[in-house]
Structure formats: C-alpha cells, structure tokens
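Asker: Once you have looked at the hints, place chains S and A on chain E.
Protein chains in written order, with numbering that gives the first Met the number 0: chain E, 0 to 421; chain S, 0 to 121; chain A, 0 to 476.
Accuracy of the hints is not assured; some may be wrong.
Each computed DSSO-like pair below joins lysine-lysine, with the alpha-carbon atoms no more than 27 Å apart [what the hints assert, rightly or not]:
1. S/LYS3 <-> E/LYS390
2. A/LYS120 <-> A/LYS249
3. S/LYS87 <-> E/LYS56
4. S/LYS91 <-> E/LYS197
5. E/LYS56 <-> E/LYS197
6. S/LYS87 <-> E/LYS154
7. E/LYS388 <-> S/LYS19
8. S/LYS42 <-> E/LYS390
9. E/LYS388 <-> S/LYS87
10. E/LYS387 <-> S/LYS3
11. S/LYS56 <-> S/LYS19
12. E/LYS323 <-> E/LYS366
13. E/LYS56 <-> S/LYS35
14. E/LYS22 <-> E/LYS403
Keep in mind that the hints were calculated from the coordinates and are not lab data.
Remember, predicted model here, so these are calculated numbers, not experimental data.
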Amino acid sequence: MRHYESVIIGGGSAGLAAAVALKKQGIGDIVILEKDGEPGGILEQCIHNGFGLQTFKEQLSGPAYAERFIRMAEELGVEIKLNTMAVGLTRGREVEYVNPEEGDVTVSADTVILAVGCYERPRGAIGIHGPRCAGVYTAGQAQKYLNIDGYMVGKRVFILGSGDIGLIMARRMTLEGAKVLGVAELMPYSSGLPRNMKQCLEDFGIPLYLSHTVTKTFGKSRLEKIELMEVDDNRQPVPGSEMYFDCDTLLLSVGLIPENHLADDAGIEMDPSTKGPVVDDSYMTSAEGIFACGNGLHVHDLVDFVSLQAERAGEGAARYIRAKREGTEAGERRVSVRPGENVSYTVPALVHPDSAWGNVEFFFRVKAPLDTVSVVIRGGGRVIRTIKKRKMIPSEMERVVLTKDVIAGLSGDVVISVEPQA
Amino acid sequence: MTEKELICVNCPIGCTVTVKMEGDEIISVTGNTCPKGEAYARKECIRPERILTSTVKIEGGTHRVLPVITSEEIPLDVMFEAMEEVRKVSVKAPVSEGDVIISNLLGTGADVVASRSMAAAD
Amino acid sequence: MYDVVIIGAGITGTMLAKDLSEYRLRVAVIDRENDIADSTTMANSAIVHTGYDPEDGTLKALLNPEGSRMYPDLCRSLGCRIREIGSYVAACGEEEEKHLRVLADRAERRGIPYVFPSVEKAREEEPNLADGVTAVLEFPTTAVIYPWEVAIACAEVAAENGTEIFLNSPCTGIGRTERGTYVVSTPERELETRVVVNAAGVGAERVASYVTENPGFEITPRKGEYYVLDSNVKLVNHVIFPVPSKEKGKGVLAVPTVYGNTLIGPNSDFTEDPGDIGTSPEGLAYVRENISRIVKNVPLNRAIRVFAGLRPVSEEADFILEEAEGLPGFVNAASIDSPGLASSPAISKYLIEHFISKRVSLVKNPDAVMTRRAPVVMADLTSDERNELIRLNPAYGRIICRCEQVSEGEILDCIRRKCGARTVKGVKKRVRPGMGRCQGGFCEPRVVEILARELEIDPTEVVLDAENSRILCGENR
Numbered sequence: 000m001r002h003y004e005s006v007i008i009g010g011g012s013a014g015l016a017a018a019v020a021l022k023k024q025g026i027g028d029i030v031i032l033e034k035d036g037e038p039g040g041i042l043e044q045c046i047h048n049g050f051g052l053q054t055f056k057e058q059l060s061g062p063a064y065a066e067r068f069i070r071m072a073e074e075l076g077v078e079i080k081l082n083t084m085a086v087g088l089t090r091g092r093e094v095e096y097v098n099p100e101e102g103d104v105t106v107s108a109d110t111v112i113l114a115v116g117c118y119e120r121p122r123g124a125i126g127i128h129g130p131r132c133a134g135v136y137t138a139g140q141a142q143k144y145l146n147i148d149g150y151m152v153g154k155r156v157f158i159l160g161s162g163d164i165g166l167i168m169a170r171r172m173t174l175e176g177a178k179v180l181g182v183a184e185l186m187p188y189s190s191g192l193p194r195n196m197k198q199c200l201e202d203f204g205i206p207l208y209l210s211h212t213v214t215k216t217f218g219k220s221r222l223e224k225i226e227l228m229e230v231d232d233n234r235q236p237v238p239g240s241e242m243y244f245d246c247d248t249l250l251l252s253v254g255l256i257p258e259n260h261l262a263d264d265a266g267i268e269m270d271p272s273t274k275g276p277v278v279d280d281s282y283m284t285s286a287e288g289i290f291a292c293g294n295g296l297h298v299h300d301l302v303d304f305v306s307l308q309a310e311r312a313g314e315g316a317a318r319y320i321r322a323k324r325e326g327t328e329a330g331e332r333r334v335s336v337r338p339g340e341n342v343s344y345t346v347p348a349l350v351h352p353d354s355a356w357g358n359v360e361f362f363f364r365v366k367a368p369l370d371t372v373s374v375v376i377r378g379g380g381r382v383i384r385t386i387k388k389r390k391m392i393p394s395e396m397e398r399v400v401l402t403k404d405v406i407a408g409l410s411g412d413v414v415i416s417v418e419p420q421a
Numbered sequence: 000m001t002e003k004e005l006i007c008v009n010c011p012i013g014c015t016v017t018v019k020m021e022g023d024e025i026i027s028v029t030g031n032t033c034p035k036g037e038a039y040a041r042k043e044c045i046r047p048e049r050i051l052t053s054t055v056k057i058e059g060g061t062h063r064v065l066p067v068i069t070s071e072e073i074p075l076d077v078m079f080e081a082m083e084e085v086r087k088v089s090v091k092a093p094v095s096e097g098d099v100i101i102s103n104l105l106g107t108g109a110d111v112v113a114s115r116s117m118a119a120a121d
Numbered sequence: 000m001y002d003v004v005i006i007g008a009g010i011t012g013t014m015l016a017k018d019l020s021e022y023r024l025r026v027a028v029i030d031r032e033n034d035i036a037d038s039t040t041m042a043n044s045a046i047v048h049t050g051y052d053p054e055d056g057t058l059k060a061l062l063n064p065e066g067s068r069m070y071p072d073l074c075r076s077l078g079c080r081i082r083e084i085g086s087y088v089a090a091c092g093e094e095e096e097k098h099l100r101v102l103a104d105r106a107e108r109r110g111i112p113y114v115f116p117s118v119e120k121a122r123e124e125e126p127n128l129a130d131g132v133t134a135v136l137e138f139p140t141t142a143v144i145y146p147w148e149v150a151i152a153c154a155e156v157a158a159e160n161g162t163e164i165f166l167n168s169p170c171t172g173i174g175r176t177e178r179g180t181y182v183v184s185t186p187e188r189e190l191e192t193r194v195v196v197n198a199a200g201v202g203a204e205r206v207a208s209y210v211t212e213n214p215g216f217e218i219t220p221r222k223g224e225y226y227v228l229d230s231n232v233k234l235v236n237h238v239i240f241p242v243p244s245k246e247k248g249k250g251v252l253a254v255p256t257v258y259g260n261t262l263i264g265p266n267s268d269f270t271e272d273p274g275d276i277g278t279s280p281e282g283l284a285y286v287r288e289n290i291s292r293i294v295k296n297v298p299l300n301r302a303i304r305v306f307a308g309l310r311p312v313s314e315e316a317d318f319i320l321e322e323a324e325g326l327p328g329f330v331n332a333a334s335i336d337s338p339g340l341a342s343s344p345a346i347s348k349y350l351i352e353h354f355i356s357k358r359v360s361l362v363k364n365p366d367a368v369m370t371r372r373a374p375v376v377m378a379d380l381t382s383d384e385r386n387e388l389i390r391l392n393p394a395y396g397r398i399i400c401r402c403e404q405v406s407e408g409e410i411l412d413c414i415r416r417k418c419g420a421r422t423v424k425g426v427k428k429r430v431r432p433g434m435g436r437c438q439g440g441f442c443e444p445r446v447v448e449i450l451a452r453e454l455e456i457d458p459t460e461v462v463l464d465a466e467n468s469r470i471l472c473g474e475n476r
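This is chain E alone, in the form it adopts within the complex (with noise of 0.2 Å):
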C-alpha cells in the first residue's frame, strides 16, 4: 500500500492552502486527492471579485484567488489527482480512492487532512410545499450551470434565503438580462453581507422581502408561480398574507452545510452547531492524525478566513508528523473552548495548554444582530479578554486572538460569550 506523509482530501481552497504549508514546512510526499477536473473547487464558478483582500491585499476574483494558489501549489511540486474522489477514510488512515486512470486505491498516510468543502441545502430540508416541477434550483447549482458550463436558468427569478451566493446570482442574472422579482429571507435580517445587499440587491432595485418565505410552488412541467408569505416570531406563515409572484426560476440559497460523509466514516466526533468535526488548536479531529479545514469544517463567508485556517491545519499536520518522528506527546491536558451567551460556536474547540505552540485564533458567529456590545472571553471562570464591538452580525465570521502565554496558562474551560457593554 502506498503510504503519504499526508493526503489532503479536496483541492479547493482549504486543500491548495493546506498543502502549500505542508511543503513549506518540509513535509515533502503528499497527494492532494481532487473530485473535479481541475482544482480549484467552488471558487472557479464565483466570478465575482471580493476574494483576498487579507490574503493578497488586492481584490480578486474567485478563480484568480484559486489560481494564485494553484500556481504556489505547482511550484512547491504538490501532486494533484484529478478527477478523483475519496470513497473511504478509516480512523486508522487509510484512504480510498477511486479515479478513471488507477481504479480503486487505498493509501494510509501519517496525516489525512480533510477539505472537503460543504453542499448547499436542499429544497426537500426546508418544506416548500407544490410539486416536482423543473425551475427549482440551488443558488450555487444556477451559478455553476451559468458561471462553468454557460447556460442560464431562466428569465423571471425569484430568490429564497439571502445568503451571499443568492444575492450575488442576483445581480449576476439581473445582468444577464432576466428579471429577478426579489428576495425573501425567513429571519428578520439578512443572512448575507451588508455590501452584498447594497450592490447586489440596492443597485439594482431588487426588492429584499425579510421575515418572509416561499411556502408553495405552482406549476406543471416547469415552475410558473411561488407563493411568498410572512413570518411571525416562530417563523410561522401568517395566514393572510399569501403573495404570488409569476415566475420560471426559484432559486435557494438557505444555508450551506459542511460535507461530512468521510468523517461520518471515520466515526470523528461532530459538532452539531457547525456540522463539520469538532477540532483542536491544531485543526486536528477527534481522530488521531486526520486534521479538517475549510468549508468541511465549519461554512466560512470570506475565503481568505478559509485559507488561513487550512494553513494552521497544514501546520498542525507537520508539527504532528514531527512529533511522531521524534517520539514527543502531545501535551495531555485539554481545556475545550465553548460558545456562551449569545454565540452559536467556536472553532477550534479544544486546546492543549501543556504543549502550546503559539496564539490561537478562535472563530466564532453571533446568533442574531447585536449592538454596542462585548466580547467576553472567560478561562476557568475568569475574564481573560474584553473586546467591544459596535456592532456583530451572524453573516459575519468573529475572530479573537489568545496567545501562546494565555494558552499555556488556562486552568479550565474557556468560554467566549457576547454580551452589553457594562
């Protein structure tokens, strides 16, 4: 059985940026096992610029920012298997894989990092009710279809959720000469970012419908009509408040969940607000040597965030084959790292005191809009940080910094909370 140093499930974003550090930090026989024909991953089909602004200081496109990474994967001599996907992961590490050219492969490695990106949520698992008609589409399933293979949907649109990838096909469709009748977004603000609203939506006129859903569909063959209503606090349809907008496309965008089929796999233990696996400072799982990253590991609005994060898993996969070629443990003790008031996770969500390599970046989401308030980090009970904040939305990822010394010294749990300024 061939064996790796690491392989790095998924060559999108997390997967280039992961194997990048990897090679940086001298782990040289690693394989980046990629599903499509060419790496990159979803960023190929967002065309729109808004990528890289932490990562490159400049504004890219999607596919410009992957290719800058392509590009440094290349030159660090990274081996990329095309059009193969990974049909089994062991907690023993071992991975199989099947393309056209080898057939069905299993591989062990040292270290598997997965990176294996999300998938958008389905119209079965949000209860829109009227038949099976044509015209029904994921946001980034329409993006595909126009952005890759150059084909629209169709011409009268309506958009369900207002999530980044709905708002930004929005104004990719307005442009492309179809008339998109409006947003609806279930929660009483929006899900996507505030530029997103202005100039996907303001821009362009597109009306944004907020406490409101899409509760029936109506057609034949393809869609001809929705049934948009209100919301009450329970996100209720308010009886009586029925709207029908004529037309041929629908278009979801109401959540991205990560892709955990390998995980599930692996039996690696799950973290039920994120859905990706629960993870250490180090971006490694609940499984001995298997790191996750990216989008697979909790859904991420800003692709540098993704790239950064992948880059301390590559790190955290080198350190650990270091260690094992050197025989040092893994410090024992771990503190784990929980949302509190007002936060709905945080990643990582354990962290190692005894054997604390540097600062430790926690990301986290507010549950809801929040004004002129703190965030306040407790360790063992005790605040160690207070950051204030004008103002958190959940569409915004939050990111607060420990360092090394802080790390080392915690004594129990830590626990990061948003709450009014005292």
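Answerer: Chains S and A alone, transformed into the frame defined by chain E:
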C-alpha cells in the same frame, strides 16, 4: 446639511460610512476603516462605481465560457451597456489570467481582463 | 393489429407486459408520462407486504400473499434490489393488542410467517419504538424494494422481447370496431388490438369511460405524503407499522429503504385533482403527529426530501380485475392501491389466466429472455471488482455523484439500456445520482451534460422529468 449612511462595498467588512454634505459638496467622511472607504464614499455620492464581473465565450477551452473582470471600477450607470460589449466578445483558448479581453471598455479607462487562465481542451 | 394494448406503465402494466412477452404476441404499452413508473409506482411506501392485512374473501387477500412470495425470485431474475428486513406491527394498549391477534390469525391461515416477540425483545431490536407501544407482532418476510426499479426492469425485459412501449402517449379515446377489436387512440397513433388492459392507475376510470358509459367503478386519488431522511440516520431496522384500521388503512409508517434512507409517511387524503402531487403543510403535519405514536426520536430535521404520491382508490376497497360488462377483451385492472405493489406479480398471472388467455392464444416464444442483466452498482462492489470494471471501462472510475458514489459508467449504462433513462429524473430513478443528501446540487449539471452527449441533444433540451420540464432556458454566450 445632509447626512448619508453608506455601506462600503470595497471589501467584505462592509463598513458603514457616514458622509456629511452641504449641497453637492462633501464636508466629511467618517466611519471608514481604510482610505479606500473614503474614496468609495466620495464617489458613491457623486457617481457610484463598481467592478463588473462576467463571462465571455471561449472557443476550444476546457469550458464554454471564460470568467472576466474589469481592471478597475466602472460607473454603475453603464453596467448594462458594458454587458452588451462583453456579450459581443469571443476569445480562443489558451488564455492567461490578466489577458486583456476588451481594452478601455466604453472609454471608461478600465479593461476587461481574463480572471483565470484556461488551457485549450484536449 | 396488436394482441394486447396495456394502458399504463406502472408496476401493474409493466409486470403484465413482462409476463406476456414470454408468448408470441404483439403487445404495446402506452403511458402518458415521460418515463416508466412515473406516477403511483414512483411514490409509495416501497414495501412488499406479506399479505396479512387484507380482509378475507377479497382479491387482495388472494393475490397479496402469492405476489409477495414471488418477489424474491422475481427480483433475482430481474437484477433488482430487495431487502427482506421484516416488519413490526406496533400496538399501543389493549384494544390494539387484540387486533394483533386478528392479524396473526389471518397470517396463520394464509401461511405467512409471523412471530410475537416480547416487547422487551422488540425494544432491543428497535430502540426507537415509542414508549406507548405495548406489544409487537413481527412479520419476518416483509421486504422493501425500489418499486420503480422493478417496473423499469419489467419494461426492459418486455421491450427486449419485442414489446413496444410508447411514452408521452396518453390514451385519448378507445373505439370498438365491427369485428370486436378495439382501437386505442393517443395523440400520435391509433393502436388496434384484440385485448385492452386498463392499468391506468388514477386515470383508470377516465380510460374506462371511453368505452362504456358506466365503468362500474369510481376512482378517487388518495394522496400520501412522505419525508425521506438522510441515509446516515439509523432510526429503525424493520418496517414499523401501527395497527391498521378501516378508516386510516395502514397508517403512518417508518420504512428503511433498500439504500438505507428512512421513509416516514404517508398521510391519506382524498384529492379531487389527479394532477395534485404536491406536498402540503397539513399532510406533513399529520405525518409528524402520527409517527410519534409508534416511533420516537424521529429526526425530521434530517429530512433531505419530502414527496407525495397518489393512490387510486375505489369504493370497493379491493382490486378491480375484470372484463368490463358487455366488452369482451376490455380488461380493467383498476383500483390497485396498497398492497398493489406486493400483489403485482400475482395480479399479472391472474389477468393472464382469467381474461387474456380467453381472448388470445398463448404460445411460448422460445427466444424470449425472461431475465435481465443486473445493473452495475459500484457502491456495492469490492475493490477488486471495481478495479476490474474500471480497467475495462474507465467511465466506472469517474464518480459523478459524491453522496451516493455513482459513476459515469453506471449513468451511461442506464441511458443505453432498453427503456433507458431520457431525463434527469429517469437517471436518478435508475442509478441514484441526486438521491443523497445534496439532492443533486453537485451532480445534476454533470448528469445534464452526460444526457445531452448520449442523447445527442443540446443541453438546453435536457428535461428534468415531464416533457417540457427543461432545466436550462438557453445558452448564455
């Protein structure tokens, strides 16, 4: 004096920028966290500009279409006109990222450039 | 001149077509939909009931046990998946427990295996049985299948043996000639035939009304709505039924499918509109409320899909298998609701023996092949078997659907077979891309591309399911 609140679209942070105006004259810009925010706010109050991204037809490439981007912002009010230009163009693979597809789009000074490289299909 | 024209390519019509294709007969099957098994057979509980449920003296009581016994061999010969997982009928309280005895007595008389496990034992096997369940009756031979897979396999065998199948061909009229034959009209052709079998499901009454003013039965579509749970949810190992009742029929069930998903449903609502196959908030609310009586911890938040299907129900509450009065050779196979799927092999036998053999002579065709080559399912194969296949045809190494691990090779197979897939849903029915948790989010564009290439059409002409259900509205550039 009038006050306008704008959401800066320069980057995903989306700062809320406040512009104070006296007639057509901008008195102050506050709330931005970088100089780009101020520049954006000033333009936004006079003639809003945006980056345009789209696709053009490509022959012999690994895909049917090639993503493109304007090299700089163009006025928002010429977007649909600009799309007409983009629709007219067809390129041949291979293409490298940054290759100019349309130069000086509608006289705006911005070029339309390839936003990825695309090899010729086998 | 046809010997037999079958109206309806659901499980009843295709099973009969397969059986008739063993004889030297000219047979045609017509269906109004764009694929085999696109109505009732597509959307039901997917269970081969053993036959304890129907009342004594009914055709259902006669044909269900027999049909159910035929299934394992049938599926083997057709290369269709069947899982004999067994079922529990779960009783809550004394009244219902009494009824279990009635069911067991019927099973006894009909030779159907059953067991009364202790409720403790049952809970060991099924930890998610609701707390209110006080007794359980087990039927170990209850099986699950993909109903449409069996219908498609039957159609394929029939077509290989020369049966003509016309899709997108609704019956628009039936005339009778002077010599006693029938002429079945569709928008594109007229088919003269000695025998007509009306297996038109929810449309059977309409079809019968073309030849007689008094069809003698009334079909009311009854809608059933379901949730489909993600395959990583392990809720139950057996089919879990409530105790059946006259009013509610078999009730709301939990069904593990052949590929490891779980179905929760159905409700049972009469609907006036035979085209009404949408789910409704009320219907699904009913399903949610009722499943909790017998199964607990149902994670409906893990649903990946909801769907609705129509069952053709008549007043009589029994199958209608008879020659229409005064119309020799016009055979109604109507009101085939549950357990129609389980009974279908026996229904076909019954129709041939009692009616068709009386009107046309049945001479075996020595060239007829009554078995089907099982489709390749990569996900089922060992690594060595996969490698062998990929070496022969690299398309089996190109995985298109990540969730269900379906390869391009499997998709090509299902398009190239007789009665092959012509639509995205047709591909999904046959080899499952899009059946998983992302519901085709990633693989649908790839399937569209493959269909276009194989059918030699433009991608914009590829349809989801029905004619005109186009997915792409035009080229952009």
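Asker: Each hint should be assessed against the structure and marked as holding or not.
Answerer: Structure-based check of each hint:
no., hint, in the structure
1, S/LYS3 <-> E/LYS390, "18 Å, holds"
2, A/LYS120 <-> A/LYS249, "24 Å, holds"
3, S/LYS87 <-> E/LYS56, "32 Å, violated"
4, S/LYS91 <-> E/LYS197, "35 Å, violated"
5, E/LYS56 <-> E/LYS197, "22 Å, holds"
6, S/LYS87 <-> E/LYS154, "20 Å, holds"
7, E/LYS388 <-> S/LYS19, "24 Å, holds"
8, S/LYS42 <-> E/LYS390, "25 Å, holds"
9, E/LYS388 <-> S/LYS87, "48 Å, violated"
10, E/LYS387 <-> S/LYS3, "25 Å, holds"
11, S/LYS56 <-> S/LYS19, "44 Å, violated"
12, E/LYS323 <-> E/LYS366, "40 Å, violated"
13, E/LYS56 <-> S/LYS35, "12 Å, holds"
14, E/LYS22 <-> E/LYS403, "24 Å, holds"
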